[in-house]
Amino acid sequence: MIRRAALLALVVVSVARAQSLEPPPEAGEGDYTLERADSLDDAEFEVAIGAASHGSGSDFRGSQRVSFRGGGARGTLRDGDEALSGGRVEAPLARGTLTAGRLSPRWGRGLALGGTGEPWVFTAEDRGAGTRYRGRAGTGLGFDVRGTSLLAGRFAGHEVLGAHTRAGAGAVGVLAGGGSVQGSVSLDSEQRSWELAFDRLGRWRAEAASSGAIGDTRVSLRARGGLAAFRSLAEPARAGPPRALAGAATRAFALADVSAFGALWAWRVGESGARAALEVDARLGEHQSFACGAEDQHGPRREPSPRARPSGTRQGWWCEWRGGSPGARLALRHELWGTRALARDAVRRAVVARADWAVPFGGRLALTHAVWRVRSGESLYLPEAQADRLVLRASSGAGSRTRCDLRLPIATGTIRLGLSLATGGTRSASRRPAWSVEWSRRSRLATAASSSRGSANEIRGADGEAHELRVVRHAGAGEGARGEGPEHHPLGDR
Amino acid sequence: MRRVLAALLLARAAAAQDFSGASPAGSTRAPDGLLDRALPPATATITAAASQTRWWGLPDLETRSVAVGGSFHSWRAALGLSQTGEPELGWTSLGLGFGAASERAGAGLRACARRDRDAPWSVAHALTTGDGVEAGAGAWIMAGDAVRAWASAPQVWTSGASPPLMRPLELGIRIGDVDAAWVRLVAPRAGDDGERALGVALHVAPLQVWAEARDAPLRGSVGLSAAVAVLRVAARIDAHPVLGETVRLSLAWARERRSHP
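As they're listed, the protein sequences go chains A and B. If you use numbering that gives the first Met the number 0, the first sequence closes out at 493, no skipped numbers anywhere. If you use numbering that gives the first Met the number 0, the second sequence closes out at 260, no skipped numbers anywhere.
Keep in mind the hints are simulated off the structure, nothing from the lab. Note that this is a predicted model, so its numbers are computed, not measured. Among the hints, a few may not be true.
If the Cβ cut is set under 10 Å, some of the chain B residues that face chain A in the computed set are [as the list claims (entries may be wrong)]:
#1 ILE140
#2 ALA152
#3 PRO167
#4 ALA186
#5 PRO187
#6 ALA189
#7 GLY193
Listing some non-contacts, in silico: residues in chain A with all C-beta distances to chain B over 10 Å [said to hold, decoys possible]:
#8 ALA82
#9 LEU277
#10 ALA290
#11 ALA352
#12 SER435
Ideal Cβ positions, reconstructed from N, Cα and C, are used throughout, including at glycine.
Kindly generate the complete structure, drawing on both the sequences and the hints.
Below, the structure written as structure tokens:
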């Protein structure tokens, strides 16, 4: 049983890492910020105060953040943060858990609530419990007790009520709001899951996913069918294609892990797409690795508007090397996309280097420099890993971006200084240097509590995860999701 | 005069590194590495170097530079002065490099200020808006016993008059020390699609010969250097299918405090 669960987790993780991190369909133009899940141990809290440049002048904006976890309660509250305002608090109540603030639930496969929106992504990384990022699908109240979840909040511009209950591997849920009612029936076992979602007009969608192993190869499959008219009333922008088929396979060889991905999907009659990708990830000793991949895409990746131009072929390849020692590390990456075979007739090219060093007094200095060239009509997102977030910087035209981060333990906490300089085409309005400073301190709530994760003032979770330095993410321009109106843009998303 | 003007325009559009010497890419011994690409030398060295570059075979378009470099423990510093072109249309550059390096890794910063040669100069107006200033950073690391990877961004920040050449991020990996092969990748700029280069070097004491091929457009470079005691003489020829040949000569005095592994 445990081995099966571990296998499933490995498959899901490998699939998730292979997918590009992109702004979700509900995001509009410009930068997008993903909030990292906190890394607090039990009985810990963290306070942070900071300031960052604001606008094109000399203005700056202060911010405060408090995160805590202990006694069954946990939460994060932010104030003054331009990209991530608000918060979320969970507390035990009547043998259950009450949640208030930002909500990002997922039911089953996500057809009714918590979907991905991307045709080839198996599971959203910012929906549901235990995900890498905290999503912001809506705001309101949630209550979980004994396998039953209730929620009431504002999603996609209207009030939504929901109830979801699990019995064994099965689950049933109902969503109501905006003059509509939707139902969800799902089954979640260790290696297989499926969901049927429907509304009272008879519109429906169904999806099934399975993971397992064929010999030494880990395999996962996903199939979806249904009507194009059905879309979640809570998250309509993440409806995704009504018909899709996706698969992934990963095998560990002696020299490298090799992964293959394939997906087919259809938005409407005559508007279909396909994607195939191959990745090789090799570890070269204790601190070095090399990864490369090739990808081929046809058709629209996001739901096209009826007047959208047909999307053509995109072929791309990328390679990335990382090396050095813990005291001095270097990462190099190159990515190229073209409209013809073998990535010829380039439409997107990006080169990124990141170096970081240990500095005296236990600090760390990192310098990231990215250069890109993007043809008109295409877009590019450059991830920028920060202490508690991942910012996807929208980039266009030709330009460069440099970011310098310095972390130093100081005054029983940690101070982080950041400086960004964009010298070319970006969608951010300002080309002036942008700066930020934040001091944070992590402490234990009770001295009796013990932890194996280091001292209270240890710097943690600030390097970003390895996949976040797979530095170039992209999304085709002009493929916006239907209904990309203001109601689908949570305030904190940008 | 027209010829000089055309030559200068070509140089500005094609290539004009003020402190680039005649060494091949990725060399850990290049005395110009810190000034030109913010890559400090691996060894603690005291250097003095002079170089001359004739761009595209035009006698009126030459770059002459002198540079000195020094070390203190793991710290590296370099200072250079160069002059390009005739007094009417040329420019003078002052470069400064600073960094730290060990035998396994190094990182540096560089800054360069340019001023037209015919501009009136005084201490009070040393860095006015008429000057061009740029600053950049670079880092290298030994990825194996003889594998060196580097990243150099010579113009992270620019101000004032535009530099003669926009120099974007360059990535490279070199395998070997004196007998070596390397690959370089230069990021795209507005108006081009970047550059890719492949090179090899062979060492037959006291000579080293090397060659490099680059694309966009396809072209190449060859170089020859000789080291006798503390003196190094190097020559390099870059061939361009349209612009012609660029010849660089350099003479360096270098005293290493310890031998490179």
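Unmet hints by their number, sorted upward, for this structure: 11
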